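Visitor: If you want the building blocks of each chain, they are given just below.
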Amino acid sequence: MNHQEQTVAPETHATKSGPSPWPPAIIGLLAVIAGPFAYTMLMDVPWVLSSGAPAFALMALGVALSFVALQRRAKLGTILIAGLNSLLLAVFAIGFFFLAALPASAQFGGLESAPEFSLVDETGTEVRLAAARADGPVLLVFYRGFW
Amino acid sequence: MACVAELGGLPSVAEELEKLGGRMMAVCTDPPERSKKVVEKRNLNFPVLSDPDGDTIRAYGLLHEGAGPEGSDVAIPAHVLVGQDGKILWRRKSQRVQDRLAPEQIIESVRAAIGSS
Chain H
1 MNHQEQTVAP
11 ETHATKSGPS
21 PWPPAIIGLL
31 AVIAGPFAYT
41 MLMDVPWVLS
51 SGAPAFALMA
61 LGVALSFVAL
71 QRRAKLGTIL
81 IAGLNSLLLA
91 VFAIGFFFLA
101 ALPASAQFGG
111 LESAPEFSLV
121 DETGTEVRLA
131 AARADGPVLL
141 VFYRGFW
Chain X
1001 MACVAELGGL
1011 PSVAEELEKL
1021 GGRMMAVCTD
1031 PPERSKKVVE
1041 KRNLNFPVLS
1051 DPDGDTIRAY
1061 GLLHEGAGPE
1071 GSDVAIPAHV
1081 LVGQDGKILW
1091 RRKSQRVQDR
1101 LAPEQIIESV
1111 RAAIGSS
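So the protein lines, in turn, are chains H and X.
First residue of the first sequence? That's 1 in the working numbering, and the numbers climb one at a time after it.
First residue of the second sequence? That's 1001 in the working numbering, and the numbers climb one at a time after it.
This is chain X alone, in the form it adopts within the complex (with noise of 0.2 Å):
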């Protein structure tokens, strides 16, 4: 529940994101049956891929390992925004569990990093 808490509010930074010429996609260890539902009790605008071995995840340092259901491994909460370039032009990672940026901070740090990219 509190996992997903977030998603709710990111349709928005979607529609702006899309607004800026760039589009979003949420990363998570689900397997795609179970994305699926969420996006459709959510009415999420964004598709949501999944990294069931983690190994995306792993690969940008964000793997939380047995932290999820029966010591599965889930993905830490974080934010990268990708150049056309493939650079990193914005990041942030929660410090804890309930750590999450407001839809409108994300908006704003995007903004800022599009803007002076």
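Bound-form chain H, shown alone (with noise of 0.2 Å):
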């Protein structure tokens, strides 16, 4: 009897005790959230915008955080953070990669000339393309609009 309860008692033990999981679980799924907060705050740095790095790292951060939680004790709670911080990266990826996708133009690619046109300014002033390149080269940058 006495032999038996040795040998049960350490096993207890270490699934009892031993590092918690919840620091890193918590900590996990805050990071998770905070990515895709980070990008849209910091939208204004261009390599921020094209990339989506520190998003992608917080919440690349996050998963292996959650990943430690769930080794270091399977329960409910680990498993629901690990396989929820998994979903939102994975969704954030796939609308930062493939609904964000932008068509592809042959039509662009293949024009040769700069098709002319005359429209109007911010203030109402025409402006024709054939009258302002006459002057010196002309970069005209296609925006998607402000809304």
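No lab work stands behind these hints: they were computed from the structure.
No experiment lies behind these values; they were computed from the predicted model shown.
Just so you know, nobody snuck in bad clues.
With a straight-line Cα cutoff of 20 Å, these simulated EDC-like cross-link-like pairs (lysine to aspartate or glutamate) come out:
no.	chain 1	residue 1	chain 2	residue 2
1	X	1093	H	112
2	X	1019	X	1104
3	X	1041	H	44
Hints given; two lone chains; assemble the complex.
Guide: Encoded structure:
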């Protein structure tokens, strides 16, 4: 009896104590949630906007931490957090790379000369490309607009 | 927001282009009144041309139909450098909504294109 207790005891001891899974689980969840927020806050920085690096770094860190927690103790909470974190990262990545994809344009790539135009600027003044480019090269910046 | 994030860094490009004897203009489907607010708010030193019907943008192959608010058409973000003879010296189109060049990269490309033309 005594002998049996001694062999069982260390096992329960090992599962109950050991490093707590909650700090990495909670920090991991916060990091994953912080990712997209950091992205929207830093959008004015071109390389952030293009690469999404800070968001992906935070979210990957968060997912990694939640798996550390899962390894420490596989309980409903840690499983849910690891699953949720992975899902959020997947959703963000899909949105970033696929939903935001812009259509290809063979027409744009095939243009040799710039199509002429006459458009009004923000003050209502008419601007003709032919007249503008006569003075020097013109850089046209097409953008999606303010909305 | 994300849509105009790019415009914030462009005054430096416009300045650089002027030094090179050229000029810069933005093109979008917004009405002039809205562009006017953007120009004032962001202190833009270049004109923002309005192409509400998207005819010019379509002629460049850059109209993204139905991608704007309430199914309106918007331009695909792109840069086109037009030479004095009307030939396109350099062009670059975004692959994704967030895919934008940094101002320094634009300046570098423009310099190279003007230099070799």
